[in-house]
Amino acid sequence: MAFISDTHGWYSDLRDEVDHLNGRWDVDFVIHCGDLTDTGTSKEYEWARDILHGLRYPYVALIGNHDYLGTGDQAYQVLYGPVDFSFIAGRIKFVCLNTNATEYDYMAAVPNFDFMEEEMTKDSARFDRTVVVMHAAPYSDQFNNNVCKAFRRYLDYFPGLMCCVYGHDHADLVSSIYNDDLLFYGIDCAEHRNYRIFTFTPYGYEVEQVYF
Amino acid sequence: MMLLLAPLRMMAADVDSVYVSTPKPSAYDKRVLRYRKHWEALIPTQMVIQNAGNMGVVSVGMGWNYGKCCQWETHLLFGYIPEHQSTRGKLTMTLKENYIPWSIDLKRGWSIEPLQASIYLNTVYGHEFWKTQPNRYPDSYYDFLSTKFRLNVALGQRITWEVSCNEHKIAKSVSLFYEVGSCDLYIRSKFIDSSVPLKDVLGLSLGVVVQLL
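Protein chains in written order, with the working numbering: chain U, 1 to 212; chain W, 1001 to 1213.
Bound conformation, chain U alone (with noise of 0.2 Å):
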């Protein structure tokens, strides 16, 4: 599977990323870490989602910083669903969670305790493995700090955590943010022309990023 990122205002560069993916054999889903737009007007929204869905594989959008601006989160709303979300795929679960605190003004649950706690248990039968996706990691300026001790905790209840994946710094920097051996993968933005590649074994993962 393929994660991109932080595509915002670049649409020939999307457009390329999105061409190279299709040339691939090894990929069956694509999730966006957010960042779909540049200033969050509806326009925007179609102009990446006319393009994103030329990909010939099905694709899941998480809500950055960006497309919060002015009204663009119902935008994201009535186009992507829900800003928390997760679904299934080979017996891992992806959860897909909202992490950008600053736009609500840390005046919102998010990160969503409540949601990361329901996913912990739900369909448990159907999963032994979970990544867990943001666009904004911990200790980020979107984050809410306070709570980092707190996220990292709430993370160790996922079943077979493998790894974290986040966008929003627009680099392709690969850390332990909290200096164990949880590790967080940035996907970098399109401007910068490359995304990372995913692979996963009954025994674990693979990763390959990937220049277009």
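You may find that some hints are simply not true.
[What the hints assert, rightly or not] Straight-line C-alpha distance at most 30 Å; calculated DSSO-like pairs for lysine-lysine:
no. : chain 1 : residue 1 : chain 2 : residue 2
1   : U       : K43       : W       : K1090
2   : U       : K43       : W       : K1190
3   : W       : K1199     : U       : K43
4   : W       : K1172     : W       : K1090
5   : W       : K1090     : W       : K1148
6   : W       : K1068     : W       : K1172
7   : U       : K43       : W       : K1148
8   : W       : K1131     : U       : K43
9   : W       : K1199     : W       : K1107
10  : W       : K1169     : W       : K1107
[Said to hold, decoys possible] Some, not all, of what chain U presents toward chain W, calculated at C-beta under 8 Å:
no. : residue
11  : W47
12  : D105
13  : M116
14  : D141
It is worth saying that the hints were derived from the structure and are not from the lab. Note that beta-carbon positions come from the ideal geometry of N, C-alpha and C, so glycine has one too.
Using the hints, position chain W against chain U.
Same frame as chain U, but now just chain W:
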């Protein structure tokens, strides 16, 4: 005795002659005139209805035209954005300046204005929109102006029908116009990535100007 007679003589003379002098306005009269003239300039001379143009499905308002050939217009419009799939409908306010340099007379009261160049600033009401980025963000986090104010430009044309003097009822003239415009955000998108379709960046707007005075 002489002192008493003098006014009587003058009175007799006044009755005989034709009185032609016009009263000289006092300083107070002049001030009132000036005061009225200045406030009268604020009476709107136009009524305007416009659709689209990044200001809602329909906007209504008033306008003032001025200049040597009335080539300048200022419109103040209030528009409405319907709810569609958002949480509620929204109100907008627009301050628009038009420049109409030429008017071609087509006879029988019709004329065409081949160019209407406009620049306008508009705002949308709602707690979601901010003038400058709120304190919760780090400095220059979103490197653009505002989500509350948009600067727009438009070019268009209009056709005007002059109501003949003896048929005046409500209006002096009625103009229909169209304009094609864009706003700062869309122009910015086009600059960032030229593959953004031009037809999506531009918007068509139609409107009516009724000249009241």
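Under the constraints set out in the numbered hints, which ones does this structure not fulfil? The structure conflicts with hints 4, 9, 13, although it agrees with all the remaining ones.
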